[in-house]
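K.L.:
Keeping the supplied structure of chain A fixed, place chain B upon it in accordance with the hints.
Just so you know, the sequences run in chain order A and B.
Mapped onto the numbering used here, the consecutive letters of the first sequence carry residue numbers 1 to 408.
Mapped onto the numbering used here, the consecutive letters of the second sequence carry residue numbers 409 to 498.
Source of the hints: derived by calculation from the structure; they are not laboratory data.
Incorrect hints may appear among the rest.
Listed below are the simulated DSS-like cross-link pairs for lysine-lysine, each with C-alpha atoms no more than 30 Å apart in a straight line [to be verified]: (1) B:K433 - A:K234; (2) A:K234 - B:K417; (3) A:K402 - A:K303; (4) A:K319 - B:K417; (5) A:K207 - B:K412; (6) B:K479 - A:K234; (7) A:K234 - A:K216; (8) A:K303 - A:K318; (9) A:K207 - B:K433; (10) A:K319 - A:K395; (11) A:K318 - A:K234; (12) A:K234 - B:K412; (13) A:K302 - A:K272; (14) B:K417 - A:K207; (15) A:K234 - A:K212; (16) B:K427 - A:K216; (17) A:K207 - B:K427; (18) B:K417 - A:K212; (19) B:K412 - B:K479; (20) A:K216 - B:K417; (21) A:K212 - B:K448; (22) A:K212 - B:K427; (23) A:K402 - A:K272; (24) A:K272 - A:K389; (25) A:K216 - B:K448; (26) A:K318 - B:K433; (27) B:K417 - B:K427; (28) A:K234 - B:K427.
This is what each chain is made of:
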Amino acid sequence: MTVKQHLMGINGDEAVAYAAKHALVDVCAAYPITPQTIIVEKFAEFVANGEVETEFVRVESEHSALSACVGAAAAGARTFTASAANGIELMHEVIFLASSIRMPIIMAVADRAPSGPINIHGDSTVSLAQRDTGWIMIYCENSQEAYDATLQAFRIGEHPDVQLPVMTMLDGFVLTHTLENVYLLGEKDAHKFVGRREPMMIEIDGKPVPLKLDPKTPITIGPLQLFDYYMETKLQHSEAMERARPVITQINNEWAQLTGRKYGDGYLQPFKVKDADAVLVTTGSSAGTARYVARQLRAQGKKVGLLKVRTFRPFPYKKLAKILADVPVVGVFERTHITGSFGGPLFTEVRSALYEQNTRPAILGYYGGLGGRDVTPDDFEAMYKELLKVKTTGKAPRDLVKYVTVRK
Amino acid sequence: MPKKLPGSKDIPAAGVTWKSATEYKTGDWRNKRPVRDKEKCTRCLICWIFCPDAAISWDGKDIHFNLDFCKGCGICAEECPVNCIEMEEE
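This is chain A alone, in the form it adopts within the complex (with noise of 0.2 Å):
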């Protein structure tokens, strides 16, 4: 049975700072920058307002935003930050440090495109290129998914198994400015469903230590390891991730059992895609509006599917091949911008996942809604029909990549 819920009208950010509020975070130490700015202005307003007991440092940089919540959460402390763009940017170095010491801090990033030329809007350039840094990466569809995911995430990273940092996502304005009807957990619920957090234990001279800095149990985070260490280290986070696949769907299905909302198995969703001609494939906002639209093409008869990618890291490509490879045709959309690439992170991600395959599908990709342009049902309407078109004539098009909603 689930627990009873309270419905709010709130936008994306203000979902996320209420997450980190029932997540009772000891730390949080953040940068206001644009889309991302409401969830810090709301959760420095909990704090002032004395509804959370979280320790508000207010840093000059996203830099330095990172940087105390990695020494925050050395400390032992629960840590949230969540930054955008140029803030990611300047936080990248501490990006790489935060997951290889295995600071599980949870980071909401309000996706906007990166400058130049400048630009505030949504765009998933600047979080798909902090893929390579150890991260587990959860994509949101819409404010209510912010929330949940954003109270999973501390569950995830904290997890024993795991202890990595978790970064979530939310498309800049679409979902960060915008007023939805969001359904938040009881406090009490909520503080019942994220526990708090345990140090990792680590093993010196066969004796158990927490990984902390404790004065009791002295040791040294990120120190120097050269090339008779640093593989070996670089090993046990790659296997801490693999660790993370069962943990995540572990935790959407406990969150299932408490609120009734399930994001298919943690990582993938699928709608439509068992007999379908086409799918589309993509992640975030861009998942709803495919979905609109898929289900009036079903309503025309038209055997069309998609595939929402939740969860970027760890990439479920196994099951993203189970599910794919006997669909005819796939497309993959992304609010991406890659030069001289064979198409971007997500569709090399599919592509790539689908090559173990006995059958696999025409794949095409699609870059687009790049800078908060906005992708209309009828932008999504005409990838499907595209799709469609080259399962009944069998022939793929020769750009198997291309921009759309873009003027040439």
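P.N.:
Just chain B now, kept in the frame of chain A:
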């Protein structure tokens, strides 16, 4: 690099240091070693002051190079006022 080092399962997670820095010998980074002419040396201890790795010790009578930590930077040879230290290829 020594041949037998512990594997990923035998070292603490997160790159945490599990032993004192004095047990982590860095002398194998060196490709030149200091060799001193004991006749010329006046025991002025300028090399002892300048060594950035504290790899030169003074026992009250003479100085000693600790080759477990000397990285061969040559500062001692450069600073020696009587030029009694030569840097020799390893």
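K.L.:
Indicate, hint by hint, whether the structure satisfies it.
P.N.:
Going down the list of hints, with the structure as the test:
1. B:K433 - A:K234: holds (22 Å)
2. A:K234 - B:K417: Given pair K234 of chain A, K417 of chain B holds - Cα atoms ~12 Å apart, limit 30 Å.
3. A:K402 - A:K303: holds (23 Å)
4. A:K319 - B:K417: Holds, at about 28 Å.
5. A:K207 - B:K412: holds (22 Å)
6. B:K479 - A:K234: Given that 30 Å is the threshold and the Cα spacing comes to 27 Å, the pair holds.
7. A:K234 - A:K216: This hinted pair holds, its Cα atoms lying about 28 Å apart.
8. A:K303 - A:K318: holds (24 Å)
9. A:K207 - B:K433: holds (24 Å)
10. A:K319 - A:K395: Status holds; Cα separation ~27 Å.
11. A:K318 - A:K234: holds (23 Å)
12. A:K234 - B:K412: This hinted pair holds, its Cα atoms lying about 19 Å apart.
13. A:K302 - A:K272: holds (11 Å)
14. B:K417 - A:K207: Holds - the C-alpha atoms of K207 of chain A and K417 of chain B are around 14 Å apart, at most 30 Å.
15. A:K234 - A:K212: holds (20 Å)
16. B:K427 - A:K216: holds (16 Å)
17. A:K207 - B:K427: holds (13 Å)
18. B:K417 - A:K212: Status holds; Cα separation ~20 Å.
19. B:K412 - B:K479: holds (22 Å)
20. A:K216 - B:K417: Satisfied, since the Cα-Cα distance of roughly 25 Å is no more than 30 Å.
21. A:K212 - B:K448: violated (52 Å)
22. A:K212 - B:K427: The given pair, whose Cα atoms are some 16 Å apart, holds under the 30 Å limit.
23. A:K402 - A:K272: Holds - the C-alpha atoms of K272 of chain A and K402 of chain A are around 25 Å apart, at most 30 Å.
24. A:K272 - A:K389: Given pair K272 of chain A, K389 of chain A holds - Cα atoms ~19 Å apart, limit 30 Å.
25. A:K216 - B:K448: Since the Cα atoms of K216 of chain A and K448 of chain B sit roughly 50 Å apart, the hinted pair is violated (cutoff 30 Å).
26. A:K318 - B:K433: Roughly 44 Å between the alpha carbons, so the hint for K318 of chain A and K433 of chain B is violated.
27. B:K417 - B:K427: holds (16 Å)
28. A:K234 - B:K427: The given pair, whose Cα atoms are some 19 Å apart, holds under the 30 Å limit.
In summary, the numbered hints that this structure violates are 21, 25, 26.
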